[in-house]
Amino acid sequence: AQSVTQPDIHITVSEGASLELRCNYSYGATPYLFWYVQSPGQGLQLLLKYFSGDTLVQGIKGFEAEFKRSQSSFNLRKPSVHWSDAAEYFCAVGGAGTYKYIFGTGTRLKVLA
Amino acid sequence: GAVVSQHPSRVICKSGTSVKIECRSLDFQATTMFWYRQFPKKSLMLMATSNEGSKATYEQGVEKDKFLINHASLTLSTLTVTSAHPEDSSFYICSARDLTGVGHNEQFFGPGTRLTVL
Numbered sequence: 005a006q007s008v009t010q011p012d013i014h015i016t017v018s019e020g021a022s023l024e025l026r027c028n029y030s031y032g033a034t035p036y037l038f039w040y041v042q043s044p045g046q047g048l049q050l051l052l053k054y055f056s057g058d059t060l061v062q063g064i065k066g067f068e069a070e071f072k073r074s075q076s077s078f079n080l081r082k083p084s085v086h087w088s089d090a091a092e093y094f095c096a097v098g099g100a101g102t103y104k105y106i107f108g109t110g111t112r113l114k115v116l117a
Numbered sequence: 005g006a007v008v009s010q011h012p013s014r015v016i017c018k019s020g021t022s023v024k025i026e027c028r029s030l031d032f033q034a035t036t037m038f039w040y041r042q043f044p045k046k047s048l049m050l051m052a053t054s055n056e057g058s059k060a061t062y063e064q065g066v067e068k069d070k071f072l073i074n075h076a077s078l079t080l081s082t083l084t085v086t087s088a089h090p091e092d093s094s095f096y097i098c099s100a101r102d103l104t105g106v107g108h109n110e111q112f113f114g115p116g117t118r119l120t121v122l
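Which chain is which? The protein sequence lines are Z and G, in order.
Using our numbering, you'd call the opening residue of the first sequence number 5 and step up by one each time.
Using our numbering, you'd call the opening residue of the second sequence number 5 and step up by one each time.
Hints were generated in silico from the structure; no laboratory data involved.
Glycine residues also receive a C-beta, built at the ideal position from the N, C-alpha and C atoms.
Hints should not be assumed to be uniformly reliable.
Derived lysine to aspartate or glutamate pairs resembling EDC-like cross-links, with alpha carbons at most 20 Å apart [unchecked claim]:
| hint | chain 1 | residue 1 | chain 2 | residue 2 |
| --- | --- | --- | --- | --- |
| 1 | G | Lys68 | G | Glu91 |
| 2 | G | Lys46 | Z | Asp12 |
| 3 | Z | Lys104 | G | Glu56 |
| 4 | G | Lys45 | Z | Asp89 |
Short derived list, chain Z residues pointing at chain G, Cβ under 7 Å [as the list claims (entries may be wrong)]:
| hint | residue |
| --- | --- |
| 5 | Gly47 |
| 6 | Leu48 |
| 7 | Tyr103 |
| 8 | Phe107 |
| 9 | Thr109 |
| 10 | Gly110 |
Chain Z with its partners taken away, still in its complex shape:
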């Protein structure tokens, strides 16, 4: 079955600390992977995406993610978190031959001043 797992429902970090949000997927074909951020009451903003090629992907706002096929993971990282990064983060998987996305359940990030 196709699925996306975000094991951490909530994460709290101090401003300036590093961040890693986990995402594991189960997908029968070559996956296309995405990370989105959502502020309260807002839509989704694409942070970064992976289709093929270099497995380390750079995104906006200083975020990066690494695709590890052997671990079926696509973890999101940021070396130094800012208070404005507090939001909900969603990992999603899609793929060739299907237009549908499968979303993870999200990780809510809280940033302490």
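Start from chain Z and add chain G according to the hints.
Coordinates of chain G only, in the frame set by chain Z:
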């Protein structure tokens, strides 16, 4: 590029009335649009896939007579919540797939519509 808009951004209606939400791709053509529903503090649930000029494909458990979807042009899809009830209150998000781009089936998301049914 690849901007998707939704209108209205917020709507409050009385129970029993119908509400229409528009989703537009502003700078590209979209043969396929998607409608999602998001409950508070929950993830996005795909409701239906909307194809231009044909009937929408609904996900299991979604009432097609309750949630009417029309995709009359390559830039517009509408979701009508018929005979709305308080349990239909939710955040509805649409997305669109670029027909001509090389986005690998990438979806571009609208800003969402907050529906509150009193």
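Requested in this report: Could you work out which earlier hints the structure fails to respect and list their numbers in ascending sequence?
Outcome: Per hint list: zero violations.
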